[in-house]
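Peer 1: As given, the protein sequences belong to chains A and B, one line each in that order.
Per this note's numbering, numbering through the first sequence is continuous, rising by one, with the last residue being 314.
Per this note's numbering, numbering through the second sequence is continuous, rising by one, with the last residue being 121.
It is possible that some hints are incorrect.
Said to hold, decoys possible - Ranges of calculated distance between the beta carbons of each label pair, as one might list FRET restraints: (1) Tyr106(B) - Ser74(A): 28 to 34 Å; (2) Asp43(A) - Trp79(B): 40 to 46 Å; (3) Ser74(A) - Val105(B): 34 to 40 Å; (4) Ala80(A) - Val81(B): 23 to 29 Å; (5) Asp58(B) - Gly150(A): 42 to 48 Å; (6) Asp58(B) - Pro280(A): 41 to 47 Å; (7) Thr45(A) - Arg82(B): 50 to 56 Å; (8) Glu31(B) - Arg272(A): 32 to 38 Å.
What the hints assert, rightly or not - Here are some chain A residues the structure puts well away from chain B; computed CB gaps all over 10 Å: (9) Asp37; (10) Ile87; (11) Glu117; (12) Gln147; (13) Arg172; (14) Lys187; (15) Trp225; (16) Arg233; (17) Glu256; (18) Val281; (19) Gly283; (20) Asp288; (21) Lys301; (22) Val305.
Just so you know, these hints were derived from the structure itself, not from any lab.
Ideal Cβ placement from N, Cα and C applies to all residues, glycine included.
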Amino acid sequence: MSTEDLDKDHDSVYDGLLDADHAGDDSQWAFGTDFEDPLAGVDTTLPDGADAGALAAYCLMLGDDALIGSHRLSQWSSRAHDLEDDIALSNIALDLLGQARLLLARAAAADPGVVPELPEGSPVPPEDALAFFRDEGGFRNVRLVEQPNGDFAETVARLLVTSVWRLALLERLAGSRDTVLAAIAEKGVKEVTYHRDYAARWVLTLAHGTEESRARLVAGLDVVWPLHDELFRTTDVERTVAEQQVGVDPASVADEVGVLIDHVLSVAGLERPTRAAAGPVAGGTGRDGRHTEAMGPLLAKMQVVARAHPTGLW
Amino acid sequence: MSDPDYSADGGHGAVPLKNVPTGLGERPRGEWPLYEVFVRGKRGLNHVHVGSLHAADDEMAVRNARDVYTRRNEGVSIWVVRADLVVASSPDEKDPMFAPAGDKVYRHPTFYDIGDDVPHM
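All chains, please: the whole structure from these sequences, using the hints.
Peer 2: As structure tokens, this is what we get:
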């Protein structure tokens with residue numbers, strides 16, 4: 001913005017509070033301005049040599065991690081210990097929901113075959129169809145994100161692990177040959193950086209707080225830990241998209257994530273939990289559609305309204 | 001001109017501190033201190049008071065302010081200040097403080113033209 005433009009905007013210092021778009025509606029100045037489309041100007045064609053099926057399956061994995069994690073965090077709404085953290089958790093949930101929407105839409109664009117069939121003439125967009133009309137076995141999220149919230153300390157412990165991991169993935173994904181995934185990752189990096197910061201600060205606050213807060217945090221980390229190794233298990237889909245330089249092999253971020261989590265824990269004066277990994281069930285994990293008993297009730301609640309109105313317009 | 005019995009706590013101007021539960025001084029265990037929040041908008045030149053919130057410490061107050069007051073793309077900068085650090089004028093002094101300025105019309109810069117090339121007036 002040139003000096004001249006600044007001057008034009010500031011005939012009075014208070015004019016700066018009014019966005020030009022809201023001129024004449026002075027009461028609305030605090031409600032924010034010009035929102036950006038993260039995919040504006042991005043080439044949406046598939047990259048050369050990319051396996052469309054694998055790309056779609058990969059987008060479902062990252063999208064479902066965000067969608068299911070978002071739904072769990074949104075369950076904190078009106079239940080957190082104070083207004084400020086209630087809104088903070090909702091903000092994080094909404095960030096993840098935004099990522100889920102873009103990723104599920106990309107999955108549908110890469111391979112329309114993944115989208116569930118809806119009645120003729122249904123106005124439900126493909127990303128909504130994926131979110132609300134797939135059954136449990138169709139979801140590809142890691143099992144860690146579908147676990148019940150527990151208390152605030154447990155939620156913070158889970159958020160620390162998932163956001164450190166997701167940020168490491170997104171940072172690499174920003175270099176994807178798929179320009180859409182790269183743009184989604186670039187937007188996501190800024191968001192998840194804040195989620196990681198929020199979780200790490202709360203881990204330190206709880207660890208150095210009272211005996212009660214520290215004990216709850218230790219218990220929360222213990223609950224989270226058995227499902228944490230699943231985050232780094234590479235599936236065939238992830239191997240394929242990583243080879244095609246479209247996606248990220250999760251095993252490649254394991255060291256970095258481990259170092260960062262150990263660092264937070266050491267500043268908190270805590271040890272890494274020693275509980276054994278839960279491991280796959282019947283040879284599969286969340287990435288194969290094998291979920292824990294917490295997933296069914298979560299989906300029932302999340303999907304019930306949309307499923308009752310398959311031709312509804314929202 | 002300040003009065004230790006009054007505070008700007010809560011962002012609503014001077015409020016009495018005596019014989020009312022203010023959360024100051026004898027703060028109940030577990031109650032977080034109040035912070036006043038100032039946000040500078042994208043095109044604003046100055047930080048503007050937008051409200052208040054609770055936080056356990058200064059850093060958390062900045063984070064909470066981000067989460068509570070800049071969710072809709074409002075701000076590019078945040079200030080927070082402990083509400084009990086704000087020194088406020090007392091309503092008892094309202095007349096001696098402010099009434100004398102009420103009739104001094106000659107103090108308003110309305111008796112001359114401002115040049116077109118003078119910014120920020």
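Peer 1: For each hint, tell me whether it holds in the structure or not.
Peer 2: Hints, verified against the model:
{"no.": "1", "hint": "Tyr106(B) - Ser74(A): 28 to 34 Å", "in the structure": "59 Å, violated"}
{"no.": "2", "hint": "Asp43(A) - Trp79(B): 40 to 46 Å", "in the structure": "41 Å, holds"}
{"no.": "3", "hint": "Ser74(A) - Val105(B): 34 to 40 Å", "in the structure": "57 Å, violated"}
{"no.": "4", "hint": "Ala80(A) - Val81(B): 23 to 29 Å", "in the structure": "24 Å, holds"}
{"no.": "5", "hint": "Asp58(B) - Gly150(A): 42 to 48 Å", "in the structure": "29 Å, violated"}
{"no.": "6", "hint": "Asp58(B) - Pro280(A): 41 to 47 Å", "in the structure": "46 Å, holds"}
{"no.": "7", "hint": "Thr45(A) - Arg82(B): 50 to 56 Å", "in the structure": "54 Å, holds"}
{"no.": "8", "hint": "Glu31(B) - Arg272(A): 32 to 38 Å", "in the structure": "34 Å, holds"}
{"no.": "9", "hint": "Asp37", "in the structure": "13 Å, holds"}
{"no.": "10", "hint": "Ile87", "in the structure": "5 Å, violated"}
{"no.": "11", "hint": "Glu117", "in the structure": "37 Å, holds"}
{"no.": "12", "hint": "Gln147", "in the structure": "24 Å, holds"}
{"no.": "13", "hint": "Arg172", "in the structure": "27 Å, holds"}
{"no.": "14", "hint": "Lys187", "in the structure": "14 Å, holds"}
{"no.": "15", "hint": "Trp225", "in the structure": "26 Å, holds"}
{"no.": "16", "hint": "Arg233", "in the structure": "33 Å, holds"}
{"no.": "17", "hint": "Glu256", "in the structure": "24 Å, holds"}
{"no.": "18", "hint": "Val281", "in the structure": "37 Å, holds"}
{"no.": "19", "hint": "Gly283", "in the structure": "42 Å, holds"}
{"no.": "20", "hint": "Asp288", "in the structure": "36 Å, holds"}
{"no.": "21", "hint": "Lys301", "in the structure": "25 Å, holds"}
{"no.": "22", "hint": "Val305", "in the structure": "25 Å, holds"}
The structure is inconsistent with the numbered hints 1, 3, 5, 10, although it conforms to all the rest.
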